[in-house]
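Based on these hints, arrange chain B on the given structure of chain A.
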Amino acid sequence: MPSYKLYYGKGKGLGELSRYLFAIKQQAYEDIRFGDDLKWEDHKASAPYGKMPFLEVDGQRFGQSACIARFLANQFGLAGKTDLEKLKADGIIDCIHKDILSKFMSLYMEKDEERKANIKKDLITNTAEMYKKLEEQAEGDNTFLKSGLSWADVCFFNFHCDFYGDRFDKIDLAQTPKLKKIIDNVAANQHIKNWIAKRPESEF
Amino acid sequence: MPHYKLYYANGRGFGELSRYLFALAQQDYEDIRFGDDLKWEDFKPSAPYGRMPFLEIDGERFGQNASIARYLANAFNLGGATDLEKLKADGVIDCIQKDILSKVSAVFRVSDEEKKAILKKEAYDNTVEFYGKLEEQVSGENTFLKSGLSWADIVFYNFHTDLYADRFDAIDLSPTPKLKKVIDNVAQNEHIKNWISKRPVTQF
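Residue numbers (this note's numbering), protein chains in the order written: chain A, 1 to 204; chain B, 1001 to 1204.
Isolated chain A, as found in the complex (with noise of 0.2 Å):
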């Protein structure tokens, strides 16, 4: 088995889908989060892309969350069962990633409080816009792939649970019954379950 070190902030944040990949598949990690103690300053250069998250791998470190998680995903079976499956499971991470949570980033950048309330608007209008589509792309029955679960539910779950969550206007589910039936499904998972009840409490 690999040895796992997972670098990141004190919160759920970008790390967090990996913290509930390892907590699934029950791998053990070192869960090491810069704060006081370990100041991200000191670590911010020799990070790769001098970004966190960062995965170290039997001592090689690697960057980009999605990235991170992928491999996480393919090493521990939740990524997909075909090469196809893959593919789709991959869409879905993507359109979460770059056609949804993109767009917050310019909510966060922006300081003028009219031009923040409309841009608010409009994130919750495309938020529910693209829940639509990943709808379509639900296969299984309270998964997103036929095969059942993967990464690609966990990161849907993280999406909604953990970046949207209660910071904006709530997203009726009613209209999209089969991200409902994949968010309880994560919800219901034993393993997240404990996971949640254990991480330390954090702002974000």
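FYI, nobody ran anything at the bench for these hints, they're computed from the structure. Be careful, since some hints might not be right.
[What the hints assert, rightly or not] Straight-line C-alpha distance at most 30 Å; calculated BS3-like pairs for lysine-lysine: (1) B:K1005 - A:K5; (2) A:K51 - B:K1178; (3) B:K1121 - A:K120; (4) B:K1146 - B:K1121; (5) A:K116 - B:K1115; (6) A:K111 - B:K1115; (7) B:K1181 - A:K103; (8) B:K1005 - A:K81; (9) B:K1198 - A:K44; (10) B:K1180 - A:K111; (11) B:K1044 - A:K133; (12) A:K180 - B:K1098; (13) B:K1005 - A:K44; (14) B:K1146 - A:K103; (15) B:K1181 - A:K146.
[Claimed, not checked] Simulated coverage check for chain B against chain A, where a stretch passes if three residues somewhere in it have a Cβ under 8 Å from a Cβ of chain A: (16) 1066 to 1072; (17) 1094 to 1105.
In this text, all values refer to a predicted model and were calculated from it rather than measured experimentally. Ideal Cβ positions, reconstructed from N, Cα and C, are used throughout, including at glycine.
Chain B alone, transformed into the frame defined by chain A:
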């Protein structure tokens, strides 16, 4: 052999990466381009994620340009020789598409000339910074991966030559000699040269 159809606009844009991969593998495919004869508006509602490009494989459709390209790269042995190499290549793609391209694309979404100029400078500075990070990722002689040519090289070539191109201040590659070698290696590839000489000439 599966039957492939790539659907995109009549331009390089986000479709060209896959076209380069088909060319490298000398794999037949239908290069379908929306335009006056084939209206995108007619396809949009049923397109995966409502966007282009999408790839049809034996009749099944898949969206998201990076996911499509990853699938093809793996099918054509251009994904990386090991799981860790694939993780590394993935990281290069995400750096380009998320860390760099996002600031480049931002310029095109703005019409105000003054704002455009500011964003253009930001895009340039950001690109230079991340070229420095990408330089650190190059493990081969003239390829990102030790094992040789991979889609990571193609993605970088595609960004530098087609997407960034001459739309912004020229980037001096002398601080990043490995990146220069990566680009030259792709540019000299016979299959790439053949494709470039015969592909439709387009504005973007």
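Structure-based check of all given hints:
Proposed proximity of K1005 (chain B) and K5 (chain A) is contradicted: the alpha carbons are some 41 Å apart, above 30 Å. Restraint check for K51 (chain A) and K1178 (chain B): the C-alpha separation of about 21 Å stays at or below 30 Å, so the hint holds. This hinted pair checks out: K1121 (chain B) and K120 (chain A) have alpha carbons roughly 27 Å apart, not beyond 30 Å. Proximity of K1146 (chain B) to K1121 (chain B) is assessed by CA-CA distance (about 34 Å); at most 30 Å being required, the pair is judged violated.
For the proposed pair K116 (chain A) and K1115 (chain B), the alpha carbon gap of about 18 Å is at most 30 Å, so the pair holds. Simply put, K111 (chain A) and K1115 (chain B) have alpha-carbon atoms about 16 Å apart, close enough for the 30 Å limit, and the pair holds. Restraint check: the Cα-Cα separation between K1181 (chain B) and K103 (chain A) comes to about 35 Å, which exceeds 30 Å; the hinted pair is violated. For the suggested pair K1005 (chain B) and K81 (chain A), the alpha carbons sit about 23 Å apart, so the restraint of at most 30 Å is met.
Restraint check for K1198 (chain B) and K44 (chain A): not satisfied, since their Cα atoms lie roughly 45 Å apart, outside the 30 Å limit. For a cut-off of 30 Å, the pair hint linking K1180 (chain B) to K111 (chain A) is broken: about 39 Å separates their Cα positions. Of the supplied pair hints, the one linking K1044 (chain B) and K133 (chain A) holds, its CA atoms being roughly 11 Å apart against a limit of 30 Å. For the proposed pair K180 (chain A) and K1098 (chain B), the alpha carbon gap of about 28 Å is at most 30 Å, so the pair holds.
About 43 Å separates the Cα atoms of K1005 (chain B) and K44 (chain A), which puts this hinted pair outside 30 Å; it is violated. Only pairs whose Cα atoms come within 30 Å are accepted, and K1146 (chain B) paired with K103 (chain A) is rejected, the gap being roughly 35 Å. For a cut-off of 30 Å, the pair hint linking K1181 (chain B) to K146 (chain A) is broken: about 43 Å separates their Cα positions. Only when three residues or more bring their CB closer than 8 Å to a CB of chain A does the claim for the stretch 1066 to 1072 of chain B stand; here the count is 5, and the claim holds.
For the stretch 1094 to 1105 of chain B, the stated coverage by chain A is satisfied: 6 residues place a CB nearer than 8 Å to a CB of that chain, which reaches the threshold of 3.
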